[in-house]
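Q: Now for the letters of each chain:
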Amino acid sequence: MNEKELLEIENIELKLLSEAIYLRYGYDFKDYTKSHLKRRVLRRVKLDDLKNITQLTERLLYDRNALEQILLDLSINVTEMFRFPQFFKDLRENVIPILKTYPSVNIWHAGCSTGEEVISMAILLKEEGLLNRVNIYATDINKKVLEIAKEGIYPIEEVKKWTKNYQNTGGKKSFSDYYVAKYDHAIFDQDLLKNVTFLEHNLVIDKTFIDANLIICRNVLIYFNKKLQNQVLELFEESLIPGGLVGIGSKENLRFTSVNENFESITAASKIYKKKIGC
Amino acid sequence: MKHKAIVIGTSAGGVEALKIVLKDLETNIEFPIIIVIHIKERTDGFSNIYKGLNKLTIKEAEDKEDIKNGVIYFAPSNYHLSIEDDYTFSLSVEEKINYSRPSIDVLFESAAEVYMDGLLGIILTGANSDGALGFEKIEKLGGECIVQDPEEAYFDVMPLSTLKCVSTCKIMNLNLINRYIKELGGKNL
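As given, the protein sequences belong to chains A and B, one line each in that order.
Per the working numbering: the first sequence = residues 316 to 594.
Per the working numbering: the second sequence = residues 2 to 190.
Hints are computed from structural coordinates only; laboratory data are not their basis.
Keep in mind that a hint or two might mislead.
Only pairs whose alpha carbons sit at most 30 Å apart, straight line, appear in this in silico DSSO-like list of lysine-lysine [to be verified]:
1. A:K541 <-> B:K165
2. B:K52 <-> A:K319
3. A:K366 <-> B:K56
4. A:K459 <-> A:K415
Which chain A residues stay away from chain B? Per the calculated CB distances, all over 10 Å, these [what the hints assert, rightly or not]:
5. E318
6. S350
7. R354
8. L386
9. E443
10. T478
11. K509
12. N534
13. E567
Built from N, CA and C at the ideal position, the CB exists for glycine as well.
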């Protein structure tokens, strides 16, 4: 067989794997970007010393533990506190003043992963005197990462970078005020998480569940194809109150999407959009 | 062979090398040029470094953007850049690959699958081996490969490790690569 035929077979195997996961477990990865799906699946095939994708599909069908593993593989859990500090600076300067005009505020972190961004948000809200008025809903497709997020305990070696990020957002205190260092871990103040509800939510199949003032979903949509990206953005649109805000990753934008008309950008540097009144 | 796209990967020494490779390209370049360079994150993007170097539009690749002919795209710092079957870009923040994000392998492998024998891959100076596996894939799927002459390269690790992975690769210095791209532009007229 030549290389082109092998590639064609590999692409068929990839489709069959997605279909198998969907039919067996209900998780739908069919509209994830192909390059992402393929890279992550082939990485797992290689790590587990399998011959091809079909062997992984067989394992997935018969072994639920293999599903847990592939869920972790397919949802990228690379994150940090105050990632891209400009975003949090913009939240502080341009979004917090808007949120302050509401008696109570709902924030949805969609795809919160291991929770670093949720804690960053809670710190920001605390410093701006808003934390007690806010309910944060932090959701992810993945049970395992939510468990880590609930704990609020992270490796201490990460904290140095996060401290620098925090300072670059215009942080008002010393970052170490928010955690206790114990052995090689930083244990974050549980008070920050008191108004946070962690929920399993699958952006692909689950429906809206709140009226949100602000939705944060950064570097999640990049793994979805255009169709799914539009579908999820429409879910966000539906979940936002009129004038509600959505923050996405610095290299993502609404320009190529179906909801573009209904949102306006409110910041230049970071991608924060406001749902137009009347939409 | 009709070229549908050029992909270029480079690392240490690449900023200067690209100034020669991209110099004076004319608007007859009827294919996209997509570049991964390992470089410390910069806020002003790449278009400023290469401003006025040629007649083409130079920009950072955006997620879900349609890939257009005659445009030079750079992978954004800290994101992997891939190409999808519908000729759009997609980004990823997954782990570094070969200690790099963006990784040249990620771009090259996805581009090879989309453009097949219409792809020209170019590896320039660099101090690690990212890009070698991607190059192997380009060759396997019928694409063409050019490596900067290791003798000329500021760092020869990347050209040398790439040469180990392929058998039909052309070796050229930067000026020749520049001329080669210009001639491809002429052919497409």
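Q: Which of the numbered hints above does this structure break?
A: 1, 2, 3, 4, 5, 6, 7, 12 and 13
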